[in-house]
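This is what each chain is made of:
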Amino acid sequence: MTGALLGLLVAAADPCTAPIPPGGGDPHEAQIYVQVGDAERARGNVGAAREAYRAALARDPRSADARRGLAAACAPEADPVQAGADALEAGDPEDALRALANARGRGNDRPVDLLEGIARYQLGQDTLAIPLLESARGDPATAESASFFLGLIALRRGDGDRASRLFDQAGRAIGLEDAARQLTRMAQQEGHLVLSALTELVYDTNVALRPDGAPTTLPGPDGSVGLTLQGLVRPWGTPGPYLRVEGQLSKQLTLSQLDLLGGAVALGFRLPGPTGSLTGEYAYNYQALDGRGYLADHRVFLGGSLLTGRFLWGAAYAAHFETYRWEALSDQSGVRQVLELDAGLLPGGGVRLTAGYAGTWDATRVDPLSYLEHGPIVELVWSSGPLTVGTRGAIAWRGYLAPDPNYADTSYTTREDTRYLATTWVDVGLGARWSVRGTVRFLRVSSNVPDLNATEWVFIGSVAWTGAVL
Amino acid sequence: MNPFRPAMLALLLAAAPAGPPSEAHLVAGADAFRSEAYEKALVEFRVAEALGSAEASWYAAATLLKLGRAEEAVEAFTLAERRRAAAGDALLEVYRGQACYAAQLLLCADRWFASAESRAGPRLAPQLRALRNAIRDALRPEQIEPAIDRFLDRASALQRSRPALALAFAEEAAALATRSSGRHRQDEATALAGRLGSPVTKGAR
Chain Z
-5 MTGALLGLLV
5 AAADPCTAPI
15 PPGGGDPHEA
25 QIYVQVGDAE
35 RARGNVGAAR
45 EAYRAALARD
55 PRSADARRGL
65 AAACAPEADP
75 VQAGADALEA
85 GDPEDALRAL
95 ANARGRGNDR
105 PVDLLEGIAR
115 YQLGQDTLAI
125 PLLESARGDP
135 ATAESASFFL
145 GLIALRRGDG
155 DRASRLFDQA
165 GRAIGLEDAA
175 RQLTRMAQQE
185 GHLVLSALTE
195 LVYDTNVALR
205 PDGAPTTLPG
215 PDGSVGLTLQ
225 GLVRPWGTPG
235 PYLRVEGQLS
245 KQLTLSQLDL
255 LGGAVALGFR
265 LPGPTGSLTG
275 EYAYNYQALD
285 GRGYLADHRV
295 FLGGSLLTGR
305 FLWGAAYAAH
315 FETYRWEALS
325 DQSGVRQVLE
335 LDAGLLPGGG
345 VRLTAGYAGT
355 WDATRVDPLS
365 YLEHGPIVEL
375 VWSSGPLTVG
385 TRGAIAWRGY
395 LAPDPNYADT
405 SYTTREDTRY
415 LATTWVDVGL
425 GARWSVRGTV
435 RFLRVSSNVP
445 DLNATEWVFI
455 GSVAWTGAVL
Chain B
5 MNPFRPAMLA
15 LLLAAAPAGP
25 PSEAHLVAGA
35 DAFRSEAYEK
45 ALVEFRVAEA
55 LGSAEASWYA
65 AATLLKLGRA
75 EEAVEAFTLA
85 ERRRAAAGDA
95 LLEVYRGQAC
105 YAAQLLLCAD
115 RWFASAESRA
125 GPRLAPQLRA
135 LRNAIRDALR
145 PEQIEPAIDR
155 FLDRASALQR
165 SRPALALAFA
175 EEAAALATRS
185 SGRHRQDEAT
195 ALAGRLGSPV
205 TKGAR
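Residue numbers (my numbering), protein chains in the order written: chain Z, -5 to 464; chain B, 5 to 209.
Wrong hints could be hidden among the right ones.
Said to hold, decoys possible - Here are the in silico distance ranges between beta carbons for each label pair: (1) B:ALA142 x Z:PRO229: 32 to 38 Å; (2) B:THR182 x Z:TRP376: 28 to 34 Å; (3) Z:ARG92 x B:ALA142: 33 to 39 Å; (4) Z:VAL422 x B:PRO145: 32 to 38 Å; (5) B:GLY186 x Z:LEU187: 25 to 31 Å; (6) B:ASP157 x Z:LEU187: 55 to 61 Å.
What the hints assert, rightly or not - Chain Z residues, not near chain B, derived (Cβ > 12 Å throughout): (7) GLU45; (8) PRO229; (9) ILE454.
Think of the hints as simulated: they come from the structure by calculation, not from any bench.
We treat Cβ as the ideally placed atom computed from N, Cα and C, and that holds for glycine.
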C-alpha cells in the first residue's frame, strides 16, 4: 500500500508521467506553448520544455505537436555532456570528443569546453586545449578545474611560474586542493633555471658495512652532516635538453677518512607525453674521499613511464663505467649495469603501490669481484596534501662469478649473498619550495661466507629547498 | 518605480480589469517565480512575451538567472532592453548585474549594480556598494589583458549565432581595454561592439 502511494507521489511529481488536467486555459494558446517548448528544448532546457508541452496539452489535449514534443523531451536521451565525462573517467579521451561533438548549443557551453579541453590535453593536443580551458575559466563553476589543467599544460611546457599561479587558483576548489598543492610544488621545480639545496644530518650504525664479527677497530657507527647543491638548466623548457650540475659534501663527525666531496655534470633530454615520459641522460660523477680522488663514473641512463588507466608502467636502465682511483680498489673498476622494470597501481586516495624486479650486472676487472644481482622490489607511497609517506622493500640475490682468494681458507668456493633492503620515509612540504624529510634505511647482508654477514641502519633528517629562478 | 515583486505583481494584475491576453501569463509566471518553480515561470513569461508583453522579456531574463543559465540571462536582458529600453526597476537591474557577475562580466555587473544603487532603498544600497567593492578588488591589473583576449575570442565566436551575447562580451572587452595600461586591443573591441550593437545586427536572432 505504501509502495503504491509512493508510486503515485513520484508519478505526480514527474512531468513526464503525471496526468495532465484537461481544459486548463485558453485552447487557442496551445500552439504558443508548443513554440515555447520547442525553443526551450532546442536550448537544452528540457525541464522548461516539458512544462510548456504539458501546458499546451492542458489547453488542447488533441495537439499532436505538443504530444510529440513532450515525448521527445521525456525520451531517455543520452546526455552528451555526461557521456563525455563518463568517457574521460574511463580513460578514453577520443570517445569523449565524439560524445561532446553534439553537446554544444544547449545552454551553458562552458562545461563542454572544460571536458573537451581535458580530452585534448590528454591527447597531447595542448594548442587546441588551451582556448577551450581558457573559456571554461570564465565560468565560476568550472574555473578551478580549468585552471588546474591549464597548469598541467604550463608544467608540460616547462613554464613553472605560470603553472604555479594556475595551481594556486585551482587550489581554491574543494577536491582539487591537495593535487593543486602538490603540483604547485612540482611547478616550482620547473623552469629554465632551477636551483636546489639539500642539507642532511645522518647517523649510520655501520658506515663501512663492517661484518658482524669484525674487530671493533674497523670503522663502525658514525654521524655526518651533508650538503648537496644542484642547478638544472632547461633552455627550452620541457620537452627539451637539460644540463644538471651537482656538488656534494659530506663531513663525518669522527671518521674523517670517509669525508666525501663529489661533483656531477649531466646532459639529458626529457620527452614528456600525454600519458608518459621518456628521459635519456649522460652524466659524469667524480668523488673524493678524505681529499683523495676515489671514483670516476660515466653513466648513461634511459628511463620511461607509461600511464594506462590505473596502472603506471616504468622501466629504467643505467650503465656505469666506473674507475676506482685508489690502487687497492682498482680491481673493482668496470662496467655496472642496472635494469629495473616495475608496474604501479594507482587505486586513488593518493596511494601508489609499485611492484617490480631489478637486476644488476657488475663486470669488474677480476671475476671474484664481478657479480650478478637480481630480486623483487615493492614500494608503497601515500600522499595527502603536503604529506608523503613511503616505504620500499627489496630482496637481492647476488652471486659472484668466481671464488674470492681472500676467503680461500673457507669451504665455500664462490661467494653468494642475499641482501635485504628496506627504506621508509616521511616527507612534509612546507609551502611550495621547502620540504623536510625523515628517512630510515635498513640493510642486512646474509652471505654464504658467514664472516661477511653485516647489518646497517641509517637515520637521515633532511631539509630541502627547490625553486625556479628563471 | 515598479519593483519586481512577483506577489505584488500578481495581486495588481489580478485586481485590474481584463487587460491584454499576456497579462494572465505574467500573473501565472509571477506566481510560479514566487513559488520558485522557475521552469514553469520561464514558460509563462515566454508565452506572455510571445503575446506581446515587452515587460515579460525582463522577467524571463531574471528567471533564466534563477535557473543558473547566466549567459542566456545576459543575452535575454540585452534582447529585453532592445524591446523596451529601460527596465525601470532597480531590482531587475540587480538581477541583470548578477547575471553579468555570474558570467564573469565584472564591469557589466558593476554598471548595473551602480545604476541600481542610485535608486535602491536603504537596505539594498549598502549590499550593492559592497558588491561593487568586491568587483573592484577582483579586477587585478595583471588579469585585464588575458580577460580582454578571452572576451574578444568569445565575442568573435558568437557574433553570428548569438549576436546579443557576443555584444555583451565585446562591450566588456572594450570597457576593460580602457583600464588596460596599453589600451590592449581597444580599437578592435570597440569596433566589434559597435558593429554588434548596430541596428542591422540587432535584428539578428
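So which of the earlier hints does this model not fit?
Checked against the structure, the hints that fail are numbers 2, 6, 7, while the rest are satisfied.
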